[in-house]
Amino acid sequence: MSDAGTVSDRELPELSKGGQIALAPSGDAEGEEAQVHIHGLSKVYRVHERPAGLAASFASLFRRRFKEVQAVTDVTFDIHAGEIVGFLGPNGAGKTTTLKMLAGLLNPTSGHATVLGYTPWRRQNEYLRSISLVMGNRNQLNWDIPAMDSFLVNQVIYEIPKAQFRETLDELIELLDLGELLTKPVRGLSLGERMKCELAAALLHRPRVLFLDEPTLGVDVTMQGRIRRFVSDYNRRTGATVLLTSHYMADVTALCRRVVVIHRGKLLYDGGLEALAERILPYKLIRLDLQDGAVGADISRFGDAVEISGLKATLRTPRAETPATVARILADVPVVDLTVEDPPIEDVIDLLFTEPGTDGAAPS
Amino acid sequence: MKYWIAVYRVNLRVAWAMMMQYRFAILIWAVWGFVGPLVSLAVWSAAAHSRGSDVVGASQSFSRGDFAAYFLVYMIFGHITMSWDAFEFAYRVRTGSLSPQLLRPLHPIHADASYNIGFKVITSIIVAPAWVALFVLLKPAIPDSPVGLLMSLPALALAAVTRYVWQYALAAIAFWTTRVDAINQFYFVLDAFLAGRIAPIALMPAWIAAVSRVTPFWYMGAFPVELALGRVPLQSALTGMALQVVWLLIGIAVFRAVWAAGIKQYSAVGA
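Protein chains in written order, with our numbering: chain A, 1 to 364; chain B, 1001 to 1271.
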């Protein structure tokens, strides 16, 4: 059962007069025990650096210079059982580093986290049996052999009872349409086919917590949709908790009611996706199909004209004024069709990461 | 125990399936493992031939037949105890392909050990006819009693496990320096001398022989070979096996310590 819809918005960033976003870390949801609990998690990488050139190369033999890269800074949030949470941020924001710490691959520099009551980086077998991390750019399947052989290895390693293995496998074959893919060497599969097999391999042991890092990376639109439906279905049927990163906002809008936004290692926002849009871009888009007689009408008097082309027009109006504006348009202008939309979430995220207050690049 | 048998059986099956994909590469590797002792044998046989008599060391002497026996046994024993994990492991750390293995509730050493065993079974079958032909051709000196040969079998198993554990401890250094290949190459050179791969330890300068016996190398290499050929007295054989166990336990302790510290360092570029 998913309780994603019941998650109340966490502290939201507020647009100040200057348009900057006031940042605030999230608080914990009250009254429920978190399955994923992260508090003050930080990770610093120590990276060797040297200028280009042969001389610098020799110099680095004797005097090494290291730079500390703060990948994740004091991140705190909780995820409750059955939630699907979108973990958003630009490249290098610290998403994957956080996921790797939660999956037990990396040790944090400071802070603590528990997942299902386990400290991930202690890497206890019981913990590893309860989770899965799927990375879109990394294979767990053996490249040289059919996926089914890797599945059988997982069956033994995860000690999945035969009947349960068969049942889960049959479900996965049906849901992901794996059929003939299982008997072909993995290297002969397309990217999308491979990702479906990767997902199946990651879910055979029915993990209670699923970390998905760019699961739709590089796959075509049809396959993206299929993977999304599958993740949603898995969450609904098993009640698994899912933390998902993706650069495709369609993944996030389709799956996540709640998003956690991270930028330059710091938490920017934790709350509902719709609330984020409302706060960051507080307007709606009104799309109009006009009747022939309306050519030349002064549409822009109803709001900011985003686009006017022949008999089609798109206006931007403040959220609060949208109902009144729609009423006035319908009263004054002959329209064939009128739709009201939220601004594209891509625009919201883009603005969030480029606001001066977020320490990102200045908006143009 | 049932779990471990199942784990090794399924991983062995995968290892063989993978090897069947790269048949020519496996053939080359099989021959490569064979060539080293063959070259040493050729050199020492030539030395014995040119002298017209046995090559005499500090404690033992070797005729042409003895050299043939030593290196023919070394071909098999060296093959069985061979381990190359440091090269493979460093690559995985460097590219981040170790990560999926670390996510599984099974230490990566087990899948690798399965592959190692699988490789040796397949390549042993490949090189067996060549070995038999060499045996017939070279007329090695066969020991009178089979006792040494029988005793060498547990010693061989201990040598294989000990070498594997030490090699994996070396591999885990890749958590700190991804270019562990240079260290591994150095290890292989040491091993060539101190484990008796280039020449029987008895023919080496006394100080090399002494170093060999206070390090794990002799116990991982020449010891079971010499045991099989009846060159180790019974008392020394038992002491040797006890010391093999000691080196194995030290190896396990070192490996666990290096691994535990190394895994905290793991932050490979593509981890």
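Source of the hints: derived by calculation from the structure; they are not laboratory data. Note that the structure is predicted; figures quoted are calculated from it, not measured. Don't take each hint at face value.
Chain A is nowhere near these chain B residues, computed Cβ spacing over 12 Å in every case [what the hints assert, rightly or not]:
1) V1007
2) R1013
3) M1018
4) M1019
5) M1020
6) V1043
7) H1110
8) S1114
9) K1120
10) L1150
11) P1154
12) Q1185
13) T1215
14) V1246
15) V1258
Computed cross-link-like contacts, DSS-like style, restricted to lysine-lysine with a CA-CA straight-line distance of at most 30 Å [claimed, not checked]:
16) B:K1139 x A:K162
17) B:K1002 x B:K1120
18) A:K266 x B:K1120
19) A:K312 x A:K67
20) A:K162 x A:K184
21) B:K1139 x B:K1120
22) A:K184 x B:K1120
23) A:K67 x B:K1264
From the three backbone atoms N, C-alpha and C, an ideal C-beta is built for every residue, glycine too.
| task | Give me the numbers of the hints this structure contradicts, sorted from smallest to largest. | result | Hints 1, 2, 3, 4, 5, 7, 8, 16, 18, 19 are the ones this structure does not satisfy, whereas the remaining hints hold.
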